[in-house]
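A.B. asks: Sequence:
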Amino acid sequence: MNKTLVIVESPAKAKTISKYLGRNYKVAASMGHVRDLPKSKMGIDIENDFEPTYITIRGKGEIIDKLKKEAKAADKVYLATDPDREGEAISWHLAQILNINPEDPCRIEFNEITKNTVRNAVKNPRAINHDLVNAQQARRVLDRLVGYLISPLLWENVKYGLSAGRVQSVAVRIICDRENEIKEFKPEEYWTITNVLSNGAKVFEAKFYGTDSEKIDLKNQEQVNEIIEELKNAQYVVTNVKRGEKKRNPAPPFTTSTLQQEASRKYGFTAKKTMLLAQQLYEGVEIQGEGSVGLITYIRTDSTRLSDDAKNEAYKFIQEQYGSDYAGEYKVKVKTSGKIQDAHEAIRPTSVLRKPEDVKSSLSRDQYRLYKLIWDRFVASQMAPAVYDTLTVDIKAGKYLFRASGSTIRFPGFMHVYLESTEDAPEEDNSMIPELKEGDILKLIEIRPQQHFTQPPPRYTEASLIKTLEEKGIGRPSTYAPIISTIQERGYVVKEGKVLVPTELGYIVNDIMLKYFKDIVDIGFTADMESKLDAVESGQIQWKDIIREFYERFSQELNDAKEKMGSYTIQDEETDIKCELCGRNMVIKHGRYGKFLACPGYPECKNTKPFYEEAGVACPECGGRVLIKKTRRGRTYYGCENNPTCGFMTWDRPTGERCPKCGGILVEKELKGEKMIRCSNKNCDYQGDIK
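Numbering of the sequence shown is given in the working numbering, commencing with residue 214 and proceeding in unit increments.
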């Protein structure tokens, strides 16, 4: 008979943990949540002080029966779900189902799945933390009240099947607000002047600054022409040469938010994909020669804190691998967010000695890339700063001042291992500035004035939206990925390339929420609610108190909306594509998986077909239109409209032109943020700039 039953969420986690426990332990998986609020109704008894009604999730009956049988046969039952609110709630529900007293020491938790942490956790069980459970209950009840009470209004007045989420609605508002900023943006003209100078031995560039006393902004061509006239006959004299040193410190190890952002920037991963891969690495993967191993620490965290053991192991590794100079005394400043998840460590490898290349053969391509990203960032965070030699030269031309500056790397430090994607741009090079000294007279070779216009703020990408949500206190580590997935699945936002764009439906729903439910889409209100949920978790507030306070105002807004909200019409975009069944022009609609074509004669005619945007070029093989398509896994590719008759297909956007060297197809490529034109023929090295 098994003496102790340990229950986790997934089979992968169970397999990894089983390895570290003896024969007297049986590890079983609940397969995630076992109870939840019902889908068919709200499940919140408003008249009975917002008491939630939980039911067994459909399809979980067999799993629950098996767990009950295992629990009855065991002397002890330990609940080892994830160390966060949601994990605590799953343990609480399991305790209810298995008749375990939640006040008994039945709960164990660990931040990483390694032999020592698992065994130590089993030695130190605790009671279920009701504050954690109640914080999760409060979130679920708030979301349920908003979703189940507003959604019917949207069905009645806009479109059947729509829904409104508490936090998702704020995300849609942020994206709509940015789109409005872009539409209303008025570009402003400005100019720069770059002078090409020579000291007789070397030619270099210096940029216009202003005068000795002030920086001058160049706003129009007339102003620039006046300055250029004075510069033509001016003497160029070096007035100051300043050499210095600059240090660049490494970025801290990953939090949930920064991991999602960096995986998006470097690899184009969605937040959902990043979390799926990270969960696999955390729970355990089969490593050749080791069995199932948890490669990284817990993945939902706001903290950059590291354990002393992890820092010491990294310090020794860096000394041995890269040399003592690279293991500097610099310690990364720990980010203290003040949020509950700060109790966890940062996301890091469970052992720095398990190098990415050592486990590469046991991981999928994407698992390896994410593990390497986490490993590199952690190691770099414990390394010495990079050191630059800097040079700034001031050059006087009459009453005007020009400046040339640059920097070279003296010591790479942490950059030997890792650079944030935002730092991937090459540094300026001092070698372009000749050896100069004060008093040197320079020769003017060329004056290069250039007109510019200010640019509107960029649309949000997944990475920048996650950063904004975190900065504004909207959501928590576990919610970023579901927020972004949900607003796309509901058709409120679409992804065009890498950017998020609101749909007409998204605009309409956002306008309704702004007009009738100001609190729900108010950023400050939502951030304050997150703080109150944190206060519930820390035991400072009773969870039903915040529900009562919220509902008092919400119910008034709801009644007002019911009385005043009129119907909204969504205008579908008409195309010139004829419906082959009835001859009408088909329209573009937005569904869960993006745009599709539908006959406007519905319900008489129910014809639909995929919608493909055009790449704007002709097929190089048959002259047909090149369409932008997606694979089943969501990867974009470019194919001919005449497929399968014409087999043209490429992963990179074709330019419509032929290679001048070999006659191959030219395509657009992007490497480290830099776009260029390349030949699709692998045996041709032609490369050009995008016009």
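Everything labelled a hint here was simulated from the structure, so no lab data went into it.
Hints are supplied without guarantee of correctness; some may be wrong.
Said to hold, decoys possible - Pair ranges (Cβ atoms, derived): (1) K281 x K708: 41 to 47 Å; (2) T858 x Q900: 30 to 36 Å; (3) N894 x T269: 43 to 49 Å; (4) D735 x K650: 55 to 61 Å; (5) G536 x N438: 29 to 35 Å; (6) E702 x P816: 22 to 28 Å; (7) G272 x S364: 40 to 46 Å.
Ideal placement from N, C-alpha and C gives every residue a C-beta, glycine not left out.
A.B. asks: Compare the structure with each hint and give your call.
C.D. replies: Evaluation of the provided hints:
no., hint, result
1, K281 x K708: 41 to 47 Å, "44 Å, holds"
2, T858 x Q900: 30 to 36 Å, "32 Å, holds"
3, N894 x T269: 43 to 49 Å, "59 Å, violated"
4, D735 x K650: 55 to 61 Å, "60 Å, holds"
5, G536 x N438: 29 to 35 Å, "56 Å, violated"
6, E702 x P816: 22 to 28 Å, "24 Å, holds"
7, G272 x S364: 40 to 46 Å, "24 Å, violated"
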